[in-house]
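Student: Residue numbers (numbering that gives the first Met the number 0), protein chains in the order written: chain A, 0 to 178; chain B, 0 to 386.
Because the hints were derived from the structure by calculation, they are not lab data. There may be inaccurate statements among the hints.
Claimed, not checked - EDC-like mimics (lysine to aspartate or glutamate), calculated; alpha carbons at most 16 Å apart, straight line:
#1 38(A) / 312(B)
#2 38(A) / 386(B)
#3 84(B) / 50(B)
#4 72(A) / 48(A)
#5 72(A) / 93(A)
#6 38(A) / 48(A)
Said to hold, decoys possible - Pair by pair, the computed Cβ-Cβ distance ranges are:
#7 85(A) / 279(B): 51 to 59 Å
#8 134(B) / 83(A): 56 to 64 Å
#9 300(B) / 52(A): 32 to 40 Å
#10 73(A) / 222(B): 28 to 36 Å
#11 355(B) / 128(A): 26 to 34 Å
Computed from a predicted model, the values in this text were never measured in an experiment. C-beta: ideal position from N, C-alpha, C; glycine also.
Read off the chains here:
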Amino acid sequence: MRKSSLLAVMALVGPVFGQATAQEPSTAIVTDEIVVRGKTGAALRLEIERAENAVFERFNEINSRDDLDIRCKSEVRTGTRIPQRVCAPIFLRDAQAAAAQSVVASLQGSAFDGGSEAFHAAWASHRYLQLEDEMRRLVREDEQLLAAMQRLLELRQTGDQRPARARADVDAPQSEDAR
Amino acid sequence: MNLRLAFSVTFSLAAPAAFAQAQDAPAVDPVLAHFREFRAALDRGDAAAAEAAAQLAYDASEAVNGQRTAVLAINLATLRLDLGKPTAAYAPAQRAHELATANQDSGVDPLVAALVLGRAELAVDGASGAERLREAIGQAERRGDLQNEAYPAAVELARTAFALEQYALAGEAWAASDRLAAGSPSDPAFARGLARTGEGAAIFMQATAESGRGPSTRPAVIARGAARDANAALADALSLLQPFADGGDEGVLTLAQSAYAHALAWQGILRAKMQSQGDELPRAAGEGTAPPGGAARCAVRLVAEPPPAYPNDALLASGVGAVVIRARTDAQGAIVEHQIAAAIPAGSFSEAVAAVADQWRVEVAPDAAPGCRLDGTQYTPILFVAE
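Start from the sequences, fold in the hints, and give me the full structure.
Tutor: Here is the structure:
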């Protein structure tokens, strides 16, 4: 829609300049600017990664068993060349390795494959419950882990609240007669 | 401010000696009768009646192939442009231009006709109108006697180009309106302030758009040179508009206050953009100095607690923003009124500020002069910097 003429608006609408007040008016001043800082999408992802590392490092330090330790690594998944960060407990990686070995063994006709794939999945699921219990207990007991977890949840919440569609970097300015 | 001022160009064009002489004649022809109605309507400030009478006068003259048809056509076109009806202005503007360029005795300067047609054409065919106006404005600047006609044309070209994201053309047209500011119906300093704001905004947007082109998905980065030019224009604008930013304490922003706040907001978003790319904006000459008469005011700062939340939608796009809040304080320094005076871009940034601004207060700086005044108006830029 075309905007109406600035001059017409200046002539027909509202005051252009303010009226002087009865008391001698003081000059308008500009105070120091206030800066609000925010994390962009990329910065937020990096921040979340750091917060995850802080949680896992503390958890790994104080948990009761080493195979509950969580390790993160960058993996290239099938169908994409973009590496993705994957974090998993050691027991899960062990279970996956054992399950893979079982598949190979069964293909080779071995009767002693160390357990079926289903067995390894069930075992991993059981260990996951243990991991969750351990994590809950330690968050209650350890202030440092609690703080790290809270920080991570806050950051993830910020990320979740974002709409799916991006908007323009800077919109067109408000015109003088648009108000 | 009334209709008469807005239509001063129209009025002067439509009052040639031929009409004055005809007023004394006993038999009143329809052209003259409608022209008198038009003048009377202008005197009453009745825009609708003036437009209707101008149309009838033009039609009556056209019907008899009158000598003053070009004058009446441009009269009607100019009136409609001033009323914000550029599409309706196009046909009479086109006719006036046709007659003016075909006949030296039409009573209408062909360059004036080109300026009026170009303004109307912007609404009908933006590209043709822009090209015609650009050419006509240049000619008018060289001639030097058509500032009243060329100034509104330059402003309209600038604003249309900006809206169409043709920022280089917008900047060029704002620069022309700065040079033609003596032709503004308001204070030339105010007109120059608007023009310099527009130039600064156009430079900023042009630089942002240029760096955002290409296959990269990284946020646009504004070059330092462009940032310096934009900042210099905005510093000029603030200096020119500052004297108009006072008064009007009825809770409604005057156009001048809004213009001042918008200049501050453009400067704010420029600073925010530079900070977001890890750069600091060099201060323009004269920037940051206290305005004349400001010595009696206490140095204060706005305590923005709680701070506004950064809008998530802006963060996702690495978007920066600036909001200007205008607060009026009483003699004790309490905020008696505040409002969002400008926001760039409009929308979520101003909503974020509005959500918490009721809880903010003004604090006197520790180094404030003893006995200084606390009552008055302060403008505070709030920068949203995406990191």
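Student: Name the hints, by number, that the structure is in violation of.
Tutor: When the structure is compared with the hints, numbers 7 and 11 turn out to be violated.
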